[in-house]
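> Residue numbers (the numbering used here), protein chains in the order written: chain A, 1 to 321; chain B, 1 to 463; chain C, 1 to 337.
If you're looking for bench data, these hints aren't it; they were derived computationally from the structure. Incorrect hints may appear among the rest.
Keeping only pairs whose Cα atoms sit at most 25 Å apart, straight-line, the calculated SDA-like set for lysine to any residue is [what the hints assert, rightly or not]:
1) A:K16 to B:Y293
2) B:K51 to B:K337
3) A:K17 to B:P247
4) C:K219 to B:H263
5) A:K16 to B:P247
6) B:K23 to A:S255
7) B:K337 to A:S101
8) A:K16 to B:L297
9) B:K408 to A:D149
10) C:K221 to B:M326
11) B:K408 to A:S255
12) A:K198 to B:E410
13) B:K415 to A:S255
14) B:K337 to A:D149
15) A:K264 to B:E410
16) A:K264 to B:E345
17) C:K221 to B:L77
18) C:K219 to B:R232
These figures come from a predicted structure and were not determined experimentally.
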Amino acid sequence: MALLEVRNLRIRYRTKKGEVHAVDDVSFTLERGEALGLVGESGCGKTTLALALMRLLPENAYVLGGEILFQGRNLLELSEEEMRRVRWKGIAMVFQAAMNSLNPVYRVGDQIIEAIQTHQGDAFSIEEARKKVRELFELVGLNPRRMNDYPHEYSGGMRQRAVIAMALACDPAVIIADEPTTALDVIIQDRILRRLDKIRAQLNMGVIYISHDIAVIAEVSHKVGIMYAGNLVEIGPTAEIFQNPHHPYTAGLMSAFPSIRGEKRELTTIPGEPPNLLTPPPGCRFHPRCPYATAVCREKVPPLEVFEGEHRAACWHPLNA
Amino acid sequence: MTTHPHPPTAVAAEELVRVEALKKYFPVGRGFLARRRSFVHAVDGISFDIKPKETFGLVGESGCGKTTTGKLLVKLLDPTEGQIWIRDSRRLGFVLQQDGVPVGALSVFVDEKGRPQQIAQVMGGPGAGAQAKAGAQRLRRQVKPLFTQLQRRAQALDPTDVAGIGTLDVELDGRRLSLVPISRFLEKGTPPPPAMNEREKADWQRWLEALQRLEYTDFAHISGPHLKRFRREVQMIFQDPYESLNPRMTIFDIVAEPLAVQHIGTIAERELRVAEMLEMVGLSPPESFLFRYPHELSGGQRQRVAIARAMIIHPTFVVADEPTSMLDVSIRTGIMKLMMELQQEFRISYLYITHDLAVARYMCERIAVMYLGKIVEMGPTEDVIQNPLHPYTKALISAVPIPDPTVKREPIELKGDVPSPIDPPPRCRFLDRCPLATERCQQEDHPPLEDKGGGHYVACYEV
Amino acid sequence: MATVPAPPKGSPTRHLESPWRARLRLMRRGLATNWGLFWESRIGPIGLFIILFYGLLALAHPILMATIWDPAIYDPVTGFDPDPGPAWHMEKVNQYLVPKHPAPPSAKHWLGTDPWGRDIFSQLAYSARAEFFLGVMAALITVVIGTLVAAVSAYYGGFVDTFFMRLADVVLLFPVIAFLIVLGGMFQLNMYSLALVLGLIGGFGGITIVLKSQALSIKVKPFIEAARVAGGSHLHVILTHIIPNLLPLSFLYMMFSVTSAIFSEAVLSFFGILNLQMSWGMMVRMAEISGYLTGDAITKAWWIFFPASVSITALCAAFYLVGRGLDEIVNPRLRKR
Chain A
1 MALLEVRNLR
11 IRYRTKKGEV
21 HAVDDVSFTL
31 ERGEALGLVG
41 ESGCGKTTLA
51 LALMRLLPEN
61 AYVLGGEILF
71 QGRNLLELSE
81 EEMRRVRWKG
91 IAMVFQAAMN
101 SLNPVYRVGD
111 QIIEAIQTHQ
121 GDAFSIEEAR
131 KKVRELFELV
141 GLNPRRMNDY
151 PHEYSGGMRQ
161 RAVIAMALAC
171 DPAVIIADEP
181 TTALDVIIQD
191 RILRRLDKIR
201 AQLNMGVIYI
211 SHDIAVIAEV
221 SHKVGIMYAG
231 NLVEIGPTAE
241 IFQNPHHPYT
251 AGLMSAFPSI
261 RGEKRELTTI
271 PGEPPNLLTP
281 PPGCRFHPRC
291 PYATAVCREK
301 VPPLEVFEGE
311 HRAACWHPLN
321 A
Chain B
1 MTTHPHPPTA
11 VAAEELVRVE
21 ALKKYFPVGR
31 GFLARRRSFV
41 HAVDGISFDI
51 KPKETFGLVG
61 ESGCGKTTTG
71 KLLVKLLDPT
81 EGQIWIRDSR
91 RLGFVLQQDG
101 VPVGALSVFV
111 DEKGRPQQIA
121 QVMGGPGAGA
131 QAKAGAQRLR
141 RQVKPLFTQL
151 QRRAQALDPT
161 DVAGIGTLDV
171 ELDGRRLSLV
181 PISRFLEKGT
191 PPPPAMNERE
201 KADWQRWLEA
211 LQRLEYTDFA
221 HISGPHLKRF
231 RREVQMIFQD
241 PYESLNPRMT
251 IFDIVAEPLA
261 VQHIGTIAER
271 ELRVAEMLEM
281 VGLSPPESFL
291 FRYPHELSGG
301 QRQRVAIARA
311 MIIHPTFVVA
321 DEPTSMLDVS
331 IRTGIMKLMM
341 ELQQEFRISY
351 LYITHDLAVA
361 RYMCERIAVM
371 YLGKIVEMGP
381 TEDVIQNPLH
391 PYTKALISAV
401 PIPDPTVKRE
411 PIELKGDVPS
421 PIDPPPRCRF
431 LDRCPLATER
441 CQQEDHPPLE
451 DKGGGHYVAC
461 YEV
Chain C
1 MATVPAPPKG
11 SPTRHLESPW
21 RARLRLMRRG
31 LATNWGLFWE
41 SRIGPIGLFI
51 ILFYGLLALA
61 HPILMATIWD
71 PAIYDPVTGF
81 DPDPGPAWHM
91 EKVNQYLVPK
101 HPAPPSAKHW
111 LGTDPWGRDI
121 FSQLAYSARA
131 EFFLGVMAAL
141 ITVVIGTLVA
151 AVSAYYGGFV
161 DTFFMRLADV
171 VLLFPVIAFL
181 IVLGGMFQLN
191 MYSLALVLGL
201 IGGFGGITIV
211 LKSQALSIKV
221 KPFIEAARVA
231 GGSHLHVILT
241 HIIPNLLPLS
251 FLYMMFSVTS
261 AIFSEAVLSF
271 FGILNLQMSW
281 GMMVRMAEIS
291 GYLTGDAITK
301 AWWIFFPASV
311 SITALCAAFY
321 LVGRGLDEIV
331 NPRLRKR
């Protein structure tokens, strides 16, 4: 049984102008100790997906269909009370720009203690909680003696580590990291990603990395899923995806990304813009921008088909098939 | 004492922008009465040059001073020290030589075709003595006929002759003199004539620097209407496409603002110009964009508007401060390509500020790596990236993620974090984190940039 | 570069919409959108309705005076009705039949008469005009001063900023009513001078601080830097960028200023400080000085003070409600998704 399994998830937003098809028919699995990278540009639905896994969607969002199976239980069927027990202890999340979400008037250590006590309740006394915080600090690479500092006394990188510590506070089985290093400098980013990867291996956690930076995803993920306009268009082992992409969007994304290694080559652009999800285009949502689009692409939604082993793509005219 | 790579005599006509010993210090703490104040050394004495039609990259982590440098170069901030020489495209300078010895110099204003319109400045020969002054006065009296000969020569030229006027032999007071364009004069090398003593050598140096001023403007030290006019040469593209456009103005108003502020054209002419510009940046058909508001456009489209605004007055130099970092990946390349197309079309140089080395590799011909307000390495992009010499550059490059899972990267561990930029001690800024640090690095001041071959400069004692 | 080059020969001449036509079109569209939002706020239109009601009242007065009303009887200040109503309103005083004023509301006097025999409704309508004038004038002065001071303070900072902010602190600490009482004692305050004084006090006071913080948040936006890089002078930046972005907030605060002005006038008139012939505050004062406002007498001639008090409250509330309705337009974050 997979640690986390998402099946045919559909999420919509209700707005004054109509319904936004934010996530449509997304399925994937995550095993213990595995790192899944979700890549996509703004508006592709990756953050919505992450919030859905925690059942933290805003009020005007609703799940149209599908299942989220965590350790066998469908999270969508749980009551709020039961879900609260899963949140943070089962699945935890590091939000986007989290380093700005620390409360500036409380000490960093105290905020983590609060998180522990809220979710673990009476199981932890203050002393035990403090001890746990010290352990967490060591785990993420922060000096435990700085537990009693305020967030503004920390640098950006340190704050990000603190937020990661908070997410790990209740020993979750899964961590979702939404753009964990986007606002950080490259040297700090490198350190934090390596640390996070070490933690994942050490604690045998499942990690979902969400990012628009495919270089970061390439380095830390075992599996990569490419999202476009609310659909999961391709998913598979990292090496496969990068060396042998089947979906034109994936290929386009790869060749639009500059690298400091390898031959210096011409970058390509993907013409057009991502579609408006109030009225997504019929059939394959990528067809308006796809150089290989034909009539069938404009009419029918391609299903996620299996290619080699774990490698799946949703395209009527896959590349290198 | 300047620590820049070129000796002052080698001011080449090949440079569009030349930054010398640029410093920007911000005072820390308030109080009118505080005597000894601390300063943040945001930019701490940097020098570099940018050639015409070149994209020069400024890379580094946050706090290294690259954004401040960008702001200094468009005069949003005034420098604490240092000079920013920008080639004034309206001016052309000549050295007046008699038997190979310079006796004076002058500069003229030229139109778009390079034809002289008006005398700008007249200068005497090197030397501070009475003889030099007399020479200068004589030149001033005789400059009119000189100018007429110059104009006649320019008219005789083929308008497509980019090389321009060239050396001109003239007759003045019965003397045979030659007018040599300054660029040509400097190309030949300008060591002081051997017969000079120390004081005369200093005079010679000063004269050369004054000569430089004839064709360049020190952007750092002009103000008032002179500054306003000169702003047509230098523009900026900002990082945030959402915040760099006034949400209450239409696209037309936004792109036409530089024209309005510089009093160029009538409203109808401006509208035409804006429409053409919008088309050039890929917002087509322009009529459908002219009277929309920024919130109706996507991030990529907004950045194109920002680029149109920067280009509309045909600057020669554009500072781009992370123009693509807030855009999606698939949009980024479109913007980068647009910038490169416009560079060809309008013959612009860019100062491209970024923290993303991969983007710098793609866009820039030369880059400079900044750390704590100093340039630690500078040179041709491929050279610096594939063969970094400075320990910081090496660490930086080793930390960049590679979008290729088969490549194994060996990140270089750097101890510690970036130190505080407040009142840094007078030694190598990288000392506490450097794996190669020695006694010398501790004792001496921050190392100067040295050419290690092929234009690849490094500021390090141990390389 | 100094002139705009002509379009290259052979290029199709475009038919571009004239910028002025476009601006008009966009303004109309903007008004329509904002009206829609205003209407949706629900409380905004209520306030607007009340304002319109009193506006009509103010307009009606001169018409009524010119047509169906006899000025001798209905003039709000000098009128006197010798025969206000049914016979039992006459009383015998020294063998003479004398009309008993204040007379309750009747067909002849819709809101009754005051102790001096003047028609209350006429007074109400007559004062409405003055109240509007006072409120709007004071608010306009407040907002013009406040916006300019805020823009300049925020933009230049330094001494200018410190000066105006300390001035605002002083004004805020001021007991305004007491100050106005003293002022009223020294000078004769009429509607015009009162509007000016209230405008000045408001303009240099609290509104400046709020607008300045908004101006500060505008000042640090990159489009301001872009304007400077293009060669824009300080004046250009303030006029073209800062003030237009402040105006929505200024307009919003103008509504609240009207409320404050009308209320201040009411209080001052009640204390008899102002040199006004007739206003709603005066009407309440008349009730007070003729003894109908205290103790048991309060029910005897309610029509003297009740309409005026209600009107003061209603008009103040009306402008406040309009302000709240505008709030959603000015602060998009308050809008419902």
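> Does each hint hold? Answer for all of them.
Status of each hint after checking the structure:
| no. | hint | verdict |
| --- | --- | --- |
| 1 | A:K16 to B:Y293 | 21 Å, holds |
| 2 | B:K51 to B:K337 | 20 Å, holds |
| 3 | A:K17 to B:P247 | 22 Å, holds |
| 4 | C:K219 to B:H263 | 24 Å, holds |
| 5 | A:K16 to B:P247 | 22 Å, holds |
| 6 | B:K23 to A:S255 | 40 Å, violated |
| 7 | B:K337 to A:S101 | 36 Å, violated |
| 8 | A:K16 to B:L297 | 20 Å, holds |
| 9 | B:K408 to A:D149 | 37 Å, violated |
| 10 | C:K221 to B:M326 | 16 Å, holds |
| 11 | B:K408 to A:S255 | 20 Å, holds |
| 12 | A:K198 to B:E410 | 16 Å, holds |
| 13 | B:K415 to A:S255 | 35 Å, violated |
| 14 | B:K337 to A:D149 | 46 Å, violated |
| 15 | A:K264 to B:E410 | 21 Å, holds |
| 16 | A:K264 to B:E345 | 23 Å, holds |
| 17 | C:K221 to B:L77 | 15 Å, holds |
| 18 | C:K219 to B:R232 | 23 Å, holds |
Of the numbered hints given earlier, the model fails hints 6, 7, 9, 13 and 14; all others are met.
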